[in-house]
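Visitor: Now for the letters of each chain:
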Amino acid sequence: MKSYSLFKKDWLSELRTRYAVNALAMFILVTISVILFSIGSEKISEYLTGGLLWIVIFFSAMSGLSRAFVSEEERNTTMTLQLIAAPSTIFSGKLIFNLLLVFLMNFAITILFIVLFPSFALKNFLLFFISFVFGNIGIAVSSTIIAAIISKASSKGTLYPVLSFPILLPLILTLLELTKFAMDGNSVEASFVEIAVLICYDVIMLTASYLLFDFIWKE
Amino acid sequence: MTKYTLLIGSLEKYFGRRLVFQGVNASWESGFVYGIAGSNGSGKSTLVKIIANLISSDRGKIIHKENDKTISSEQLHNFLGFLSPYLFLYDEFSAEENLIHFSNIRGIKFNKQLFDELMNKVNLFDRRSDLVRGYSSGMKQRLRFVFALLHQPRLIIFDEPTSNLDSEGKEAVYKIIDEQRKTNLLIIASNDESDLNVCNEILNIEDYKK
Numbered sequence: 140m141k142s143y144s145l146f147k148k149d150w151l152s153e154l155r156t157r158y159a160v161n162a163l164a165m166f167i168l169v170t171i172s173v174i175l176f177s178i179g180s181e182k183i184s185e186y187l188t189g190g191l192l193w194i195v196i197f198f199s200a201m202s203g204l205s206r207a208f209v210s211e212e213e214r215n216t217t218m219t220l221q222l223i224a225a226p227s228t229i230f231s232g233k234l235i236f237n238l239l240l241v242f243l244m245n246f247a248i249t250i251l252f253i254v255l256f257p258s259f260a261l262k263n264f265l266l267f268f269i270s271f272v273f274g275n276i277g278i279a280v281s282s283t284i285i286a287a288i289i290s291k292a293s294s295k296g297t298l299y300p301v302l303s304f305p306i307l308l309p310l311i312l313t314l315l316e317l318t319k320f321a322m323d324g325n326s327v328e329a330s331f332v333e334i335a336v337l338i339c340y341d342v343i344m345l346t347a348s349y350l351l352f353d354f355i356w357k358e
Numbered sequence: 014m015t016k017y018t019l020l021i022g023s024l025e026k027y028f029g030r031r032l033v034f035q036g037v038n039a040s041w042e043s044g045f046v047y048g049i050a051g052s053n054g055s056g057k058s059t060l061v062k063i064i065a066n067l068i069s070s071d072r073g074k075i076i077h078k079e080n081d082k083t084i085s086s087e088q089l090h091n092f093l094g095f096l097s098p099y100l101f102l103y104d105e106f107s108a109e110e111n112l113i114h115f116s117n118i119r120g121i122k123f124n125k126q127l128f129d130e131l132m133n134k135v136n137l138f139d140r141r142s143d144l145v146r147g148y149s150s151g152m153k154q155r156l157r158f159v160f161a162l163l164h165q166p167r168l169i170i171f172d173e174p175t176s177n178l179d180s181e182g183k184e185a186v187y188k189i190i191d192e193q194r195k196t197n198l199l200i201i202a203s204n205d206e207s208d209l210n211v212c213n214e215i216l217n218i219e220d221y222k223k
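Line by line, the protein sequences give chains B and R.
When you line the first sequence up against our numbering, it's residues 140 to 358, in that order.
When you line the second sequence up against our numbering, it's residues 14 to 223, in that order.
Rather than coming from a laboratory, the hints here were simulated on the basis of the structure.
Since this is a predicted model, take the numbers as computed values, not measurements.
Please note: incorrect hints may appear among the correct ones.
[What the hints assert, rightly or not] Computed from the model, here is a short list of chain B residues facing chain R with C-beta under 8 Å: (1) K148; (2) L222; (3) K357.
Note that the Cβ used here is the ideal one computed from N, Cα and C, for glycine as well.
Bound conformation, chain R alone (with noise of 0.2 Å):
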């Protein structure tokens, strides 16, 4: 298995005259689980959104690798699974036509087996072709991992992934971190004690406030 790597230097971010964070560096390589822990409104999400190339930072830059090759940021995406609470899918299509839809636009082949699989870790495979209109809130977290996961990603961020959860739903997440591990980089941004819990190293973002 090829092996992936983020490199985070001197990372900063304003939100207009207001610090949310400076001085970030990290490298993070595939094997292990890295945290993302702070208190709420500290900027946890901020740094998730910027490893994912979705928001720019003000200074420092963030090189993805696979294979001590860098990928650029069009190409990001193929790589990167993400999941957050903010994420949402298209109600007015079941679970099954989302992720299809999505197989389509990212130009490879819905994998019908893995999103079966998937469907059943989550235990959401008897829904799956329910509107995602119809789920609750807890539901909608499930699928999102699916989402998350589906074109097998090497890097995996998941921003706040017990969040809307029940003590089942949880216990599932820990078991697709546990697998997920092995070959890929993962991120988990959350305060949630449990979740860190999981991490092989923790960057607190309160020390990088000042």
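The shape of chain B in the complex, shown without the other chains (with noise of 0.2 Å):
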């Protein structure tokens, strides 16, 4: 409960100042544009067009996710939080935040990837599906994570996809084999093992996440 009057006043907070949204919508739309306008009328193949549609969202995240920490240190108010709360229930909060944020971007990206680009077309829906869902997850998470690291740091527009990039790497990989088969339209039980190590890295990545935050928050 406390975590969510956490997460209802950083939304309340993000419709009021649009840092977030407005950061990611831009970028959406800047980068889809420049792909559409780079591929002209050629003829992409559906491969590509996943391997796109991942690329689309790494980038987003990383442009869009960082601000649940990077907006408090940037108005001085973590000490506030820090006088309020137990680092738990900020880790919490801010998780929730970044849940909806993802969610929300990643389905306007797919929905604008099935209606662009006739080539993204998916075989098992529910496969992807699964996938979308795990992967999501496991985005929010490590964004998370590394945005409370870095919202100290200096330069923390380079940090931030520096350091996300090894810890997405293995989950992105993962989410691309799961997108070509589901475009193969291979059965989710053919694709158990790819699944079994989203599910796992969004587990693993949840606890050390739980398990590091008291040390990041604490200076």
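Take the two lone chains, each set in its own frame, and fit them into one complex as the hints suggest.
Guide: Now the structure itself:
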């Protein structure tokens, strides 16, 4: 309940300031436009659109998800949060906020891909949906803890993608594989190993984040 | 009313290789006002931040107790009211919205009656619905008192409580201190003579530099 209250505060604050939503919307719009312009009338393969989808998702996450902690640091309100809640409450609240942002953002990107790229055709939608859900959870958890780590650094903009790349790489590679399977029409059972890797990644990142956050949060 | 005790044992803090203080020992309890004095940059704010568990010390320990029951660092925020000039509220919310959010995040019911009472005491009641963005530095300092006291804490730490305040504001602060000292443990970190005059005991940070 306390975490939900923190999420509610962040969401209302976001609606007033539009720190993350505007950055994300602009990034998605610009990136997809650039891809469309560069492709022109060329016909691109299914697999390539799958790859492009996760590239856009990865870089969109880089542009907007760090705001959860960076905005607190920029407004000097980090200490205020430290004074009103336990670290686990703060992390959970920020994670719920990033989960919502990731799901909204990735849903919008996927819909745009389906509408704008005719070659982005999914034969097994259930498999794509499963990878989409667990992938989004992984992206949100990793981005939240990385945002907490970099929020106190002086060059946040550079550090965020640099730190995120090795942490998110196994997740993105697994998601690329699963998207390819979904395009080929593979069954969920046949993709069990990749789905298990995805779930393990989420569980490991979530556990590690809760264990680490206490140390990151306190100066 | 329960007894609140704060025990400080052999506290030591360095910033890099620079010693801030060492060998700080104290045993403080509710019903009294304790002052932390020292010149600018002497480490007053560092000491109160360590007491509030906002930063770590390099050596020594801090024990918070309520009725001889030790309070864990996870729970300390429920017992602590903290005010300092480097504490900021959310500019995009009004004073009342800020305090409602803070109460919800603390997991307590927003005490509207106490909020109105405190806002009246600091003379901000008429501006309670204005965005904090539009507040002057003195008004923001007054609002910090409401933030520090609304959850009725047992340990109250005021770091430079009268900075940015006019004489009317200072008077309101001393009145608040007078009320809170009866039941709670108050710590005031300041180099202002008039702030330190209200303290029962003063710890001079300059005495712990070697």
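Visitor: Hint by hint, note whether the structure agrees.
Guide: Consistency of the hints with the structure:
1. K148: Hint holds; B/K148 Cβ to chain R Cβ min 4 Å, cut 8 Å.
2. L222: holds (5 Å)
3. K357: At about 6 Å, which falls below the 8 Å cut-off, the nearest Cβ of chain R leaves the hint on B/K357 intact, so it holds.
In summary, the structure agrees with every hint in the numbered list given earlier.
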